[in-house]
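**Q** Protein chains in written order, with numbering that gives the first Met the number 0: chain A, 0 to 270; chain B, 0 to 182.
It is possible that part of the hints are untrue.
Said to hold, decoys possible - Facing chain B, according to a computed beta carbon distance under 8 Å, are these residues of chain A, among others:
(1) Gly10
(2) Leu14
(3) Ala61
(4) Ile69
What the hints contain is simulated information worked out from the structure, not anything from laboratory work.
In this text the structure is predicted, and so the values were computed from the model without any measurement.
The C-beta atom is built at its ideal place from N, Cα and C for all residues, glycine as well.
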Amino acid sequence: MKDLKAYIESGVLELYVLGDLTQSERQEVELMLARHPELKAELTEIEKALDLYAEKHAIAPAEKLRDRVIDSLVLADEPRVFEEETREPVIKQSNFYKYGFAASVALLLLSIIVIINLRSQLQESNQRIASLELSNQKFSSRVNHIENSLSSVTEALEIYQNPAFKKVRLVGTPKAPEASMVVAFNPAEKEVMIDLASLKMPATDQQHQYQLWALVDGKPVDLGVFDTKTDTTGMIRMKAVNEAQAFAVTLEPRGGSIAPTLEQMMAMGSI
Amino acid sequence: MSRRNKISLAEPELIKAIRDREKLGAEALYDMYSSSLYGVIYRTIQDEELAEDLLQETFVKIWNSFSQFDETKGRLFTWMINIARNVAIDKTRSKDYRNTARNQDIENSVNLVDAERNTTLNPETLGVKDMVENLKPESKAVLDLVYFKGYTHVEAAEELGLPLGTVKTRIRIAISTLRKLFN
Chain A
0 MKDLKAYIES GVLELYVLGD LTQSERQEVE LMLARHPELK AELTEIEKAL
50 DLYAEKHAIA PAEKLRDRVI DSLVLADEPR VFEEETREPV IKQSNFYKYG
100 FAASVALLLL SIIVIINLRS QLQESNQRIA SLELSNQKFS SRVNHIENSL
150 SSVTEALEIY QNPAFKKVRL VGTPKAPEAS MVVAFNPAEK EVMIDLASLK
200 MPATDQQHQY QLWALVDGKP VDLGVFDTKT DTTGMIRMKA VNEAQAFAVT
250 LEPRGGSIAP TLEQMMAMGS I
Chain B
0 MSRRNKISLA EPELIKAIRD REKLGAEALY DMYSSSLYGV IYRTIQDEEL
50 AEDLLQETFV KIWNSFSQFD ETKGRLFTWM INIARNVAID KTRSKDYRNT
100 ARNQDIENSV NLVDAERNTT LNPETLGVKD MVENLKPESK AVLDLVYFKG
150 YTHVEAAEEL GLPLGTVKTR IRIAISTLRK LFN
């Protein structure tokens, strides 16, 4: 019992009545109260003392307040049921709108996310298409180029294989000892071709071009001008001539000359 | 104080009438306890209009949560006073109340209430009022902080700059003094 006295004197019951204990402290006190009736009596005394202390501070509220307060209490013989019935649909409705609104917002957010996602996917796809188009263009131009080369090579091959063509090798003069080229000549069809693949001539500047001449009975006949382009293959067709004893190449001003500049004779070859 | 006859019931009848949600129960509840509850609320909140609103809120709470009251576990008056205290103390902790300038110095306002409201005290407890003045001021200050202002004893110790043990002792002394005075 000495323990109980100490417990009482600790003031914990006062704090319990004042509501100044934590949840676990309260539970502890309640456990003690259940075990010891004398503690319960002590507690009641404390409660009475504080109740009287509160009562000591009593102040009569304004008269008008009585009806207001009593009217705000829901009584049994009064429209409690009725009120609940009329209230409920309102609550339900407002809940419906509340949830509806929340759902709409959620749906809107979801849609925005999906749209943003799709948009970025679309952009990515567009970029891929653009890059595919570009590489497709590159590829097809490359195929074109290869086709062109192939057809000119095929053409050159046909000419070389055709016995009607005479292949005339032109060799460099002292002016251009390294020069050499092949002219193919078909007297029957009056065709003169230059094989660019075998063309080995010094490069010309912008103001000059090479001019091919046929020597017909000792007289030079103009067969047209050509450039040295190292990246070109195949044959180029020159002006027609039906007979020739020799071919010669001179370096002439761009566009060619009416008569060959003999001192600029670069290569020559006879049939 | 009023010409209207106040309705009073013995406690068991009152409890039954409230449980049955009878009009008589509501009227008796109000007539028997409105002054005590209003006094505690006014003491805490010190604003007449606000105290009237909180008194109504307190009665609605008592009425609607009456199923939680267990007369085998505690006194009805204690249960109701604690609801009033909680309603009022919650209000003092709310932002809008804190922002008003009324809630300034607790000691001053408590004294002010006493000065202002002396004449309206319940005549039945007037004798008690005299006795309560025997409470030592330092004990009364601690008790009022906890009881009316909702301070924990830890907060009261901080507020008054006292050791925790001293605050606990003063609370106990104050309540013991009240017990002696009332018996």
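**Q** Next, verify each hint and record whether it holds.
**A** Evaluated hints:
1. Among the interface hints, the one on Gly10 (chain A) holds; its C-beta lies about 4 Å from the nearest C-beta in chain B, closer than the 8 Å criterion.
2. At its closest, the beta carbon of Leu14 (chain A) sits 6 Å from a beta carbon of chain B; the interface hint therefore holds under the 8 Å criterion.
3. Hint status for Ala61 (chain A) relative to chain B: holds, with the closest Cβ pair at about 7 Å, below 8 Å.
4. This hint holds: Ile69 (chain A) has a C-beta 5 Å from the nearest C-beta of chain B, less than the 8 Å allowed.
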